[in-house]
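Protein sequences, first through last, are from chains X and W.
Be aware that the first sequence starts at 1, since it is given in the UniProt record's numbering, and climbs by one per residue.
Be aware that the second sequence starts at 1, since it is given in the UniProt record's numbering, and climbs by one per residue.
Calculated directly from the structure, the hints in this document are not laboratory data.
Incorrect hints may appear among the rest.
As the list claims (entries may be wrong) - Listed next, the in silico EDC-like pairs over lysine to aspartate or glutamate satisfying Cα-Cα at most 20 Å (straight line):
no.: 1; chain 1: W; residue 1: K344; chain 2: W; residue 2: D393
no.: 2; chain 1: X; residue 1: K228; chain 2: W; residue 2: D297
no.: 3; chain 1: X; residue 1: K332; chain 2: X; residue 2: D320
no.: 4; chain 1: W; residue 1: K329; chain 2: W; residue 2: D274
no.: 5; chain 1: W; residue 1: K228; chain 2: X; residue 2: E59
no.: 6; chain 1: W; residue 1: K228; chain 2: W; residue 2: D290
Quick caveat, the model's predicted, so the values are computed rather than measured.
2 protein chains.
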Amino acid sequence: MKPTASQASELPAGLRRDLSDIAGPGGLLTDPADRWPYGYDNSQRHILPIAVFFATDAEQIPPLVALCNAHRLAITARGRGTGTTGASVPAPGGLVVSFERMRQIRRIDAADRLAVVEPGVLNQTLQEAAAEHGLFWPPDPSSAAFCTIGGNLACNAAGPRAVKYGTTRDATLGLHAVTGAGAAIRTGVATTKGVVGYDLTRLLIGSEGTLALITEATLRLTPLPETKRTLRALYRDIEAAADAVAAIMAQPVTPCALEFMDAAALESVRRYSDPGIPDAVRALLMIEVDGPAAGMDAAVASIARAARNPGLMDLGTAHDAAEVEALWKTRKALSPAMRHLAPKKINEDIVVPVSQLAVLIAGLERLAEERGIRIVNYGHAGNGNIHVNLLLDPAVPGESERAEQCLSAVFDLVLALGGTLSGEHGVGLVKRPFVARELDPAAIGLMRAIKRQFDPNGILNPDKGLPEAAKD
Amino acid sequence: MKPTASQASELPAGLRRDLSDIAGPGGLLTDPADRWPYGYDNSQRHILPIAVFFATDAEQIPPLVALCNAHRLAITARGRGTGTTGASVPAPGGLVVSFERMRQIRRIDAADRLAVVEPGVLNQTLQEAAAEHGLFWPPDPSSAAFCTIGGNLACNAAGPRAVKYGTTRDATLGLHAVTGAGAAIRTGVATTKGVVGYDLTRLLIGSEGTLALITEATLRLTPLPETKRTLRALYRDIEAAADAVAAIMAQPVTPCALEFMDAAALESVRRYSDPGIPDAVRALLMIEVDGPAAGMDAAVASIARAARNPGLMDLGTAHDAAEVEALWKTRKALSPAMRHLAPKKINEDIVVPVSQLAVLIAGLERLAEERGIRIVNYGHAGNGNIHVNLLLDPAVPGESERAEQCLSAVFDLVLALGGTLSGEHGVGLVKRPFVARELDPAAIGLMRAIKRQFDPNGILNPDKGLPEAAKD
Numbered sequence: 001m002k003p004t005a006s007q008a009s010e011l012p013a014g015l016r017r018d019l020s021d022i023a024g025p026g027g028l029l030t031d032p033a034d035r036w037p038y039g040y041d042n043s044q045r046h047i048l049p050i051a052v053f054f055a056t057d058a059e060q061i062p063p064l065v066a067l068c069n070a071h072r073l074a075i076t077a078r079g080r081g082t083g084t085t086g087a088s089v090p091a092p093g094g095l096v097v098s099f100e101r102m103r104q105i106r107r108i109d110a111a112d113r114l115a116v117v118e119p120g121v122l123n124q125t126l127q128e129a130a131a132e133h134g135l136f137w138p139p140d141p142s143s144a145a146f147c148t149i150g151g152n153l154a155c156n157a158a159g160p161r162a163v164k165y166g167t168t169r170d171a172t173l174g175l176h177a178v179t180g181a182g183a184a185i186r187t188g189v190a191t192t193k194g195v196v197g198y199d200l201t202r203l204l205i206g207s208e209g210t211l212a213l214i215t216e217a218t219l220r221l222t223p224l225p226e227t228k229r230t231l232r233a234l235y236r237d238i239e240a241a242a243d244a245v246a247a248i249m250a251q252p253v254t255p256c257a258l259e260f261m262d263a264a265a266l267e268s269v270r271r272y273s274d275p276g277i278p279d280a281v282r283a284l285l286m287i288e289v290d291g292p293a294a295g296m297d298a299a300v301a302s303i304a305r306a307a308r309n310p311g312l313m314d315l316g317t318a319h320d321a322a323e324v325e326a327l328w329k330t331r332k333a334l335s336p337a338m339r340h341l342a343p344k345k346i347n348e349d350i351v352v353p354v355s356q357l358a359v360l361i362a363g364l365e366r367l368a369e370e371r372g373i374r375i376v377n378y379g380h381a382g383n384g385n386i387h388v389n390l391l392l393d394p395a396v397p398g399e400s401e402r403a404e405q406c407l408s409a410v411f412d413l414v415l416a417l418g419g420t421l422s423g424e425h426g427v428g429l430v431k432r433p434f435v436a437r438e439l440d441p442a443a444i445g446l447m448r449a450i451k452r453q454f455d456p457n458g459i460l461n462p463d464k465g466l467p468e469a470a471k472d
Numbered sequence: 001m002k003p004t005a006s007q008a009s010e011l012p013a014g015l016r017r018d019l020s021d022i023a024g025p026g027g028l029l030t031d032p033a034d035r036w037p038y039g040y041d042n043s044q045r046h047i048l049p050i051a052v053f054f055a056t057d058a059e060q061i062p063p064l065v066a067l068c069n070a071h072r073l074a075i076t077a078r079g080r081g082t083g084t085t086g087a088s089v090p091a092p093g094g095l096v097v098s099f100e101r102m103r104q105i106r107r108i109d110a111a112d113r114l115a116v117v118e119p120g121v122l123n124q125t126l127q128e129a130a131a132e133h134g135l136f137w138p139p140d141p142s143s144a145a146f147c148t149i150g151g152n153l154a155c156n157a158a159g160p161r162a163v164k165y166g167t168t169r170d171a172t173l174g175l176h177a178v179t180g181a182g183a184a185i186r187t188g189v190a191t192t193k194g195v196v197g198y199d200l201t202r203l204l205i206g207s208e209g210t211l212a213l214i215t216e217a218t219l220r221l222t223p224l225p226e227t228k229r230t231l232r233a234l235y236r237d238i239e240a241a242a243d244a245v246a247a248i249m250a251q252p253v254t255p256c257a258l259e260f261m262d263a264a265a266l267e268s269v270r271r272y273s274d275p276g277i278p279d280a281v282r283a284l285l286m287i288e289v290d291g292p293a294a295g296m297d298a299a300v301a302s303i304a305r306a307a308r309n310p311g312l313m314d315l316g317t318a319h320d321a322a323e324v325e326a327l328w329k330t331r332k333a334l335s336p337a338m339r340h341l342a343p344k345k346i347n348e349d350i351v352v353p354v355s356q357l358a359v360l361i362a363g364l365e366r367l368a369e370e371r372g373i374r375i376v377n378y379g380h381a382g383n384g385n386i387h388v389n390l391l392l393d394p395a396v397p398g399e400s401e402r403a404e405q406c407l408s409a410v411f412d413l414v415l416a417l418g419g420t421l422s423g424e425h426g427v428g429l430v431k432r433p434f435v436a437r438e439l440d441p442a443a444i445g446l447m448r449a450i451k452r453q454f455d456p457n458g459i460l461n462p463d464k465g466l467p468e469a470a471k472d
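The shape of chain X in the complex, shown without the other chains:
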């Protein structure tokens, strides 16, 4: 039974005192105005939590979880709320546990190429600290300056660099966590190899706080490349760009970013800035290559060979930092530009095999026309990870419904091409209704069983990630 709105606002005095005792001075917010900002993320969903608990020490978590179990109080872990799926939006009447105050980098070791961090450390803070040792942590979501490592772990975050360096799951060695049953566990290793016991580390990564609360992470770091070069390729049509992506991924030099924009994306940018791109250009690739300075010319030449095809209109290398910045500005102008194009956008992060990109984009264009919904596509083409944006005006009668139907058709298309519904944003609340289309029932059954083992009372981030059970 879900609590009503009035229940959601009333924290019993005894429970409040017990929470406060664990939290310590200043560690619990109960005033509605104070807890309001902890009710939403970037998904535009909002549910007011019953209270906000600021974790400052891993030792607090087992008694906190025990207390919440005794009261059947739902817990939603939160970093900085930059997710896009509602995964950190609390359950109605539930508690938010914010890890933003656990922001200590415990250790960085260059020979072991690892960092040990608390979950509230910002991605960018870690990058800066690692850079002092000549290292970096591969995940680079566009929110890196504001998002936490804990949040990156929760949704298996990635970003442009993943095409060469992998995702959070590839870049994590071990975790400390507290399960929904209140048990503190260690998972994984502090080494780059290890095969003792089942891999609970990667089971927790991407589970959106539904299995355990992560209190510490041992992350695998990678040496910073010596140099980087940025190219811009302009194509006559989407097929030519997609062919280039496939050709680039089929040759030996893996770029460290292979970003894509379709014609609608370019048009969006043109409305609000001048990217200096001719109107006849229907698709753009931004390609970054990193590595040792000595091999850079040859690496760029190899990429350029693969990028060239009859549909290529222009291929250029940025010559200085300002030109690189201008290129990324075009790419980064997209998200804000779209806010001006329509009152609402549905931003998806589907993935298809790279070989299917052209078919995907053609299918999306057809759907946009058939359903009368404007669709703008851009994203991490080297992984086949496309951010599909459906733009709509909810004030136009029937448009919301048409957009929902169109979205549903987009997901069917993606799955028909052998893809997946989420590459790096996760499932949260917003994609939950579609998960059962991708996963088979037996696998979902096992995932539910695992959820019950980790969290017998179902208090950890309920109603997220896995599809709703028939018996709910």
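Could you slot chain W onto chain X? The hints should help.
Chain W alone, transformed into the frame defined by chain X:
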């Protein structure tokens, strides 16, 4: 209750007929002489299976598992039996399911950088097929010519290349499998990103056939490097070599192999071949660097700078294929050489953080002296993954006991240094008694719960991997 030896040899006629019906003509071995070779692996353990079932089609597996559940017949999956831990040694009275006849490579796609294979494909067969597309699959255990992908998945196999390219877990995208409950499941994705549902793929990898039988794998391939160069570095003492390993791993050029031999290993080789290494050399590193030809000189120079320290006696580059082969011959002569040194060796594959290598080796030398056991060390130093070989003669009174005590002390040392008991060989039968020293009780409890969910009757490879439960 475990079956007795006589039970183990008697397959009831009805069950035999049912197994034979699923297997099809020639698909079931019941004669003791025929099934004898399916009772052992490279661990020197042997248990005669009650029958050997040759899987030829994934469709056979659900009815097979259902049948075995009905009869509570244990199933041990088997590739080619090259494992070293007894993980593919059957349970007493149990069935071996051999996947050696499921050896079809279904698909290799260069743009998607993936291969879809049946579990019985040999590692080397896949490498040859991938190479035609300019790609390779990173795991390269020394048994690559004889071991199967299914076996690689079961024990999360690695090899020298893992230091740069990762292990099986890093190089697998998705699986088809049949759980111990007989349910066919799909896990993971066919793309390089994906975060829908919990990560069952990596949960199955390394689980040694205790959760499910893998019937198909989608593997992530990597572009073949353009060139490779091999270096040999000789050191005055182990500390100097360990310092060089740490320095190499702390600079930006990651070698594609960073192999180590200690003084005892060099001495072993010298007895049976002439590696041309002066007696004063107490440690050797073999370093391979791969990548684009254009950057190779600079990459080698960077590695060489890191390899140089006051303890370096000689640093040389192999100038042609024959010299490279001679270097690897020294490394590969180790395992057979040790067979001549002592009637028995206990070969472990522990891992410590790279920064702890010198402390580890010093500790091992101390233990060898204290316990009167000869210890020879070599392995994948870039991962901190050392093959510790305890040489003994069981005919010498008390030597087996001293070796066992010494091994126990080795494991304590490894764990005290923040390491793990197995890097790439797995747990199987032989390391099972030590697992509880590394994993915490709460994590083991969750692993047992997961095992029960996947395999409620405990028929899949019983008595492997996880420590024996108190109630057993």
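Going down the list of hints, with the structure as the test:
{"no.": "1", "hint": "W:K344 - W:D393", "verdict": "holds, 6 Å"}
{"no.": "2", "hint": "X:K228 - W:D297", "verdict": "holds, 19 Å"}
{"no.": "3", "hint": "X:K332 - X:D320", "verdict": "holds, 18 Å"}
{"no.": "4", "hint": "W:K329 - W:D274", "verdict": "holds, 10 Å"}
{"no.": "5", "hint": "W:K228 - X:E59", "verdict": "violated, 49 Å"}
{"no.": "6", "hint": "W:K228 - W:D290", "verdict": "holds, 4 Å"}
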